[in-house]
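Model the full assembly from the supplied sequences, consistent with the hints where possible.
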Amino acid sequence: MALVYRACIDKKHYLNSEYSNEYQSPVISEFSLTIEPGEFVALTGPSGAGKSTLLNIMAGLDTDYTGSICYGNNAHTARVALMFQEHRLMPWLTLQDNIALVVEGKQADRIERARYWLNEVGLSAYQRYYPNALSGGMLKRAALARAFAFEPDVLLLDEPFSSLDIHTAAEIKERLLLLWEKQSISVLLVTHDINEAVSLADRVVTVSHSPMRVLHSISISQNRPRQLNHPDMSAIATQVSTWIYDQSKQMPPNRQSVG
Numbered sequence: 004m005a006l007v008y009r010a011c012i013d014k015k016h017y018l019n020s021e022y023s024n025e026y027q028s029p030v031i032s033e034f035s036l037t038i039e040p041g042e043f044v045a046l047t048g049p050s051g052a053g054k055s056t057l058l059n060i061m062a063g064l065d066t067d068y069t070g071s072i073c074y075g076n077n078a079h080t081a082r083v084a085l086m087f088q089e090h091r092l093m094p095w096l097t098l099q100d101n102i103a104l105v106v107e108g109k110q111a112d113r114i115e116r117a118r119y120w121l122n123e124v125g126l127s128a129y130q131r132y133y134p135n136a137l138s139g140g141m142l143k144r145a146a147l148a149r150a151f152a153f154e155p156d157v158l159l160l161d162e163p164f165s166s167l168d169i170h171t172a173a174e175i176k177e178r179l180l181l182l183w184e185k186q187s188i189s190v191l192l193v194t195h196d197i198n199e200a201v202s203l204a205d206r207v208v209t210v211s212h213s214p215m216r217v218l219h220s221i222s223i224s225q226n227r228p229r230q231l232n233h234p235d236m237s238a239i240a241t242q243v244s245t246w247i248y249d250q251s252k253q254m255p256p257n258r259q260s261v262g
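Residues 4 to 262 (the working numbering) make up the sequence shown, in order.
If you're looking for bench data, these hints aren't it; they were derived computationally from the structure. Some hints here could point you the wrong way.
EDC-like mimics (lysine to aspartate or glutamate), calculated; alpha carbons at most 20 angstroms apart, straight line [as the list claims (entries may be wrong)]: (1) K176 <-> E123; (2) K185 <-> E174; (3) K185 <-> D235; (4) K176 <-> E42; (5) K109 <-> E154; (6) K185 <-> E123; (7) K185 <-> D205; (8) K176 <-> E89; (9) K176 <-> E199; (10) K185 <-> D156; (11) K176 <-> E162; (12) K176 <-> D205.
What follows is the structure, given as structure tokens:
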């Protein structure tokens with residue numbers, strides 16, 4: 004299968020406030036990750052390892068690193084959408100206009116596409132509402148619609164469900180899987196929720212503490228929706244949890260969190 008997305012980061016530094024200005028602490032070093040076309044990958048590891056920093060680099064928001072981010076055989080040619088922990092909607096725009104903002108084309112076409120994606124996440128009745136009039140779950144669905152409306156090749160998810168209650172999160176994750184299966188895009192999800200990782204992803208990648216590097220990768224072949232109490236799923240979750248716990252014990256106590 005053709006290579007769709009590869010991150011090879013030689014080094015990314017973060018200036019630790021506990022050090023004097025002339026010293027730097029590496030955050031990511033000798034990191035390499037390949038994502039196949041249409042693959043759903045979950046990235047998990049100890050807090051403060053640099054996972055959010057990695058997503059910012061992959062999205063082009065952080066350019067202070069050495070290495071390469073490649074789409075196919077070319078660098079920086081992928082359409083990449085990043086969904087944050089917060090919804091990041093423009094408060095002065097309606098939901099419809101927020102979605103249309105990332106759609107290319109004539110105004111009428113942009114509005115039509117915005118309405119299509121709002122319908123896909125169950126928000127067609129709220130097109131003309133402003134963000135401050137909606138619940139947290141509805142805002143998260145709107146953010147999901149905006150991400151897919153951008154028509155990305157790669158969707159990056161930075162713990163987007165962490166602020167939601169368990170039932171709302173489950174409903175939005177179900178919508179995410181439906182949209183992902185329809186669009187056949189590549190997804191990289193950063194999460195600290197091991198059950199979330201093993202229930203959603205084709206592959207779970209575990210990273211080390213900072214300086215972050217890939218330690219383990221485990222593929223999951225079970226059909227969705229997955230039953231987390233199934234012995235195979237429980238075994239995978241336990242293994243991933245053990246890897247993360249082992250790394251957390253090794254993290255220096257004065258390491259400042261970097262994402």
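K185 and E123 were given as a pair; does the straight-line alpha-carbon distance stay at or below 20 angstroms? Roughly 11 angstroms between the alpha carbons, so the hint for K185 and E123 holds.
K176 and E42 were given as a pair; does the straight-line alpha-carbon distance stay at or below 20 angstroms? holds (16 angstroms)
Do the alpha carbons of K176 and E89 lie within 20 angstroms of each other, as the hint requires? holds (16 angstroms)
Hint check: K185 vs D205, CA-CA at most 20 angstroms. Holds or violated? holds (16 angstroms)
K185 and E174 were given as a pair; does the straight-line alpha-carbon distance stay at or below 20 angstroms? holds (17 angstroms)
Against the 20 angstroms threshold, does the CA-CA distance of K185 and D156 hold or violate the hint? holds (13 angstroms)
Hinted pair K176 and E199, Cα distance within 20 angstroms: holds (9 angstroms)
Does K176 pair with D205 here, judged by a C-alpha cut-off of 20 angstroms? Holds, at about 14 angstroms.
Holds or violated: K176 and E162, Cα atoms, limit 20 angstroms. holds (12 angstroms)
Can the restraint linking K176 and E123 be considered satisfied, given a maximum Cα separation of 20 angstroms? holds (13 angstroms)
Can the restraint linking K109 and E154 be considered satisfied, given a maximum Cα separation of 20 angstroms? Distance of about 16 angstroms is within 20 angstroms: holds.
Between K185 and D235, is the straight-line Cα distance small enough, at 20 angstroms or below? violated (27 angstroms)
Violated hint for the displayed structure: number 3, the only one.
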